[in-house]
Amino acid sequence: MSDPRAESHRPGDAAEVAAIVREAAAGAQPLEIVGGGTKRGYGRPAQTQASLSTELLTGITLYEPSEMVISARAGTPVAEVEAALEAENQRLVFEPPRLDSLYGSAGEPTVGALAAMNLSGPARVHSGAARDSLIGVAFVNGKGELIRSGGRVMKNVTGYDLAKLQAGALGTLGVLTEVTFKVLPKTETELTLQFEELDDARAVACLSAALRSPYEATGAAHLPAEGDRAARTIVRIEGFPGQMKHRGTMLAQALKAFGRPAELRDEKSRSLWRDVREVAPFLSGAETALWRASLPSTAAAAFVGSLPEGLVRRHVYDWGGALVWLETDPAGDAGAAAIRGALPGQGAHATLQRGPAELRARIDTFQPLPETLMRLNRGLKAAFDPAGILNPGRMHAGL
Amino acid sequence: MSLRMPDANPRVIARRDEIVAGLARIVGERWVISAEDELRPYETDGLTAYRQVPLAVVLPATTEEVSRVLTFLHEEGVKVIGRGAGTSLCGGSLPEADAVVVGVSRMSKVLDIDLDTRTVRVETGITNLAVTGAVDHLGFFYAPDPSSQLACTIAGNLAMNSGGAHCLKYGVTTNNVLGMTCVLMDGTVIELGGQGLDMAGYDLLGLMIGSEGQFAITTEATLRILPKAEGARPVLLGFPTSSDAGACVAKIIASGLVPVAIEFMDEPAIRICEDFAQAGYPLDVGAMLIVEVEGAPGEIDEQIAKITRVAKDAGVVHVREAKTPAEAAAIWKGRKSAFGAMGRISDYVCMDGTIPTTRLPEVLVRISEICESHGLGVANIFHAGDGNLHPLILYDINDPDQLHRAEVAGAEVLKLCVEVGGCLTGEHGVGVEKRDLMREQFTEEDLRQQVAIKDLFDPQWLLNPAKVFPLDVRDAA
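Chains A and B supply the protein sequences, listed in that same order.
Numbered according to UniProt numbering, the first sequence spans residues 1 to 399.
Numbered according to UniProt numbering, the second sequence spans residues 1 to 477.
Simulated from the structure, these hints should not be mistaken for laboratory data.
Wrong hints could be hidden among the right ones.
Which bits of chain A does chain B cover? Going by a derived footprint, with three or more residues having C-beta under 8 angstroms, they are [to be verified]: (1) 65–75; (2) 113–126; (3) 368–374; (4) 377–389.
Below 30 angstroms or equal to it, Euclidean Cα-Cα: the simulated DSBU-like pairs (lysine-lysine) are [unchecked claim]: (5) K186/A / K109/B; (6) K251/B / K415/B; (7) K245/A / K169/B; (8) K251/B / K245/A; (9) K245/A / K415/B; (10) K186/A / K251/B; (11) K306/B / K245/A; (12) K245/A / K323/B; (13) K312/B / K186/A; (14) K245/A / K312/B; (15) K415/B / K186/A.
Listed next, with one range per pair, are the computed distances between beta-carbon atoms [unchecked claim]: (16) R313/A / T324/B: 32 to 38 angstroms; (17) T189/A / H137/B: 29 to 35 angstroms; (18) R378/A / D275/B: 56 to 62 angstroms; (19) P400/B / G242/A: 39 to 45 angstroms; (20) T308/B / S271/A: 35 to 41 angstroms.
Virtual Cβ for every residue (Gly too), placed ideally from N, Cα, C.
Here chain A stands alone, though its shape is the one from the complex (with noise of 0.2 angstroms):
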């Protein structure tokens, strides 16, 4: 007989899921709970032995393009609901991340896994973050019981939003089964104006001036210079033709005080923002940590600016500069103190996005929480998974 504390389970439905959970919860044996595990290294890792991987519960189950819903199992790959929404002419708005070429891993990111990592791409500046779009969750609690909230129309406030609370929760609070995701039409076209040799304060008041203009810029970020490639501050706009030039002249004369913008087009602007939705600058580090830092834009430049000289050795700027991605070396805490002691507070926190899991194990891979907030964090825990055996210790020690 095989090792019951190292098994792999693979639930074909919720009702498989519900009794492996309940059995696992009457022996106290912990679950690792797996999509596609293509971002086994994000998170404090595992600590436990037996996981339940969704890889099983796949299918679109419902798809209605004119009220701009889609609802699918748990661990159905994010490509086959994206090649669903392309037919029809839509799209999934927060430009959902598939970051398996940073963890350089194989297999095929599930949508399970964007609404428990709450994963968005560049759009979530102007769009929402997943969590915004995620108007749905079945999902089994630690008690093994099938749970849903939500549903699939857009406007509903019936009960707690259990979705929102699922959402990031990386399945410390339930196994996700069905997840359903408000959608909207492909934009047609977009445009995207790049500024170069600005420096970080320069590109974040670029960006702040774009993203407050009513010109709806969808796409707010900024490479700076790297070997000989100069600092490149990039803001997007997408809509039909027509919208794109008057936009795009309306938002050059609004940008004009920060020089004269090259336009890019087609896939050259999409591939530009693959990029930057992809995280490409840190693709090459694999053995280098990789900090996600959560701050308000207009403290970000000073943020980065006041950290130790060669603590960063490169870094980006998403969503305005509401987002810093900073690379620095893995040893010792890889920064942790210095890029949080350096944060402006007001909510503001850096996660370790990636890097060795001896790094994950030592030190605090998610901001630590106040102690008010922790108490509830715990709570929610206890609510949700009262014996402890979803994903323990994946997303802070304790939860």
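Go by the hints and put chain B onto chain A.
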């Protein structure tokens, strides 16, 4: 009255004077209301069929005072009902005889406006419209726009996760909040989120918003504000029947356009609003849509042309495009005054279910059948783009039997919404009104999971307790 509220706790009632004195020591006597006649305005909210004078009302001026008030009431074991402007249509702020109402109306300041992060920091007693009012001259606005926006407060909007007419493009309250300062029942002050775009740990912001005042009293919030579009223009489309109009909504969305708003009115609603607002609505159609698009003038022309083409395919018989701001305002005036206009001719209960928009034509037919079977009239006004229905079931408040029948018909309509794949409430909240219908939408496990969260934030169930869940759920959990 068909909804039961818990019996008052005689021990609390007997200690009324001590409780009032304790509150006065915290906020000053002037800000504690305890005289019967002065308590009257607080006995009900927008769900006027239910009334109960509270033990007392306290009006703190700061987060710190709210914290001290809650600490005191927590120690005394006294229930607390949070109150913004008292516009809830579901009885979300209905008092109980042994509860103290904590009102945030004195806390209405704008604390900070930051255009670079596109945020405002406000005290939550500010009205929804005043937030936009504070940034309008800077070319910005706050997107969620419930019909009651002139009166309703951000505190209430946060508690109910309020929506409005423009959600199709801009989302609801929860999509437009970055930070909150909340006071838990034991007086603990917590800071959630901030000016950044996401928060550390579990998404407590997302959980808190829409929790109907059962987890905390929120005293400050950081809200996203958006740059105003270059322009906006509505077009009015009239159709022979409600079904035709409903079908057109689906076709507009399928065409790839996302208007900022698609509002629906049926024939009884059109007639009543036109009588009231003289908006120039067509009186010879079965239903009409108000579709609004945004952008520069050229962009608007292009979008309206496309919508008009789609509408022609859907059998539109009346098209009126607003050519001037005055015409645009007239088109919206009728819609925005709809509930008031309706109130002049009849009492009504306003339902708030949401349905999948593809089921719109059949649901409209069944709603009229339900109301007819109870001998009641109905007018339909709603946000069609997102399927959020507001059937107004008309009755005479002086006839208890009619009120009863209206409530029964309303419950049947909401059950129908759930049956076709929608939900009980799209933007008003559960409150007391839909409390006893929750089992239509949720299983016992679902409800127990939600109740477990209530137990965490408020173990003694002192905060807005007799709302959201059927009264027996807590005992079963």
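A quick look at each hint next to the structure:
1. 65–75: It holds: at least three residues are needed, and the region 65–75 of chain A offers 5 whose Cβ sits within less than 8 angstroms of chain B.
2. 113–126: Holds: 3 residues of the region 113–126 of chain A have a Cβ under 8 angstroms from chain B.
3. 368–374: That given contact holds, which follows from 5 residues of the region 368–374 of chain A lying within Cβ reach (below 8 angstroms) of chain B.
4. 377–389: Three-residue rule met by the region 377–389 of chain A, so holds; n is 6.
5. K186/A / K109/B: violated (40 angstroms)
6. K251/B / K415/B: The given pair, whose Cα atoms are some 27 angstroms apart, holds under the 30 angstroms limit.
7. K245/A / K169/B: Since the Cα atoms of K245/A and K169/B sit roughly 22 angstroms apart, the hinted pair holds (cutoff 30 angstroms).
8. K251/B / K245/A: Holds, at about 27 angstroms.
9. K245/A / K415/B: violated (49 angstroms)
10. K186/A / K251/B: holds (16 angstroms)
11. K306/B / K245/A: This hinted pair holds, its Cα atoms lying about 19 angstroms apart.
12. K245/A / K323/B: Holds: K245/A and K323/B sit about 24 angstroms apart, inside 30 angstroms.
13. K312/B / K186/A: Distance ~24 angstroms between K312/B and K186/A Cα, so the pair holds.
14. K245/A / K312/B: Satisfied, since the Cα-Cα distance of roughly 29 angstroms is no more than 30 angstroms.
15. K415/B / K186/A: Cα-Cα ~34 angstroms, so violated.
16. R313/A / T324/B: 32 to 38 angstroms: The hinted range 32 to 38 angstroms is violated for R313/A and T324/B, with Cβ atoms some 58 angstroms apart.
17. T189/A / H137/B: 29 to 35 angstroms: holds (34 angstroms)
18. R378/A / D275/B: 56 to 62 angstroms: holds (58 angstroms)
19. P400/B / G242/A: 39 to 45 angstroms: violated (60 angstroms)
20. T308/B / S271/A: 35 to 41 angstroms: Holds: the Cβ-Cβ distance is about 37 angstroms, inside 35 to 41 angstroms.
Taken one by one, the earlier hints fail for this structure at numbers 5, 9, 15, 16, 19, listed in ascending order.
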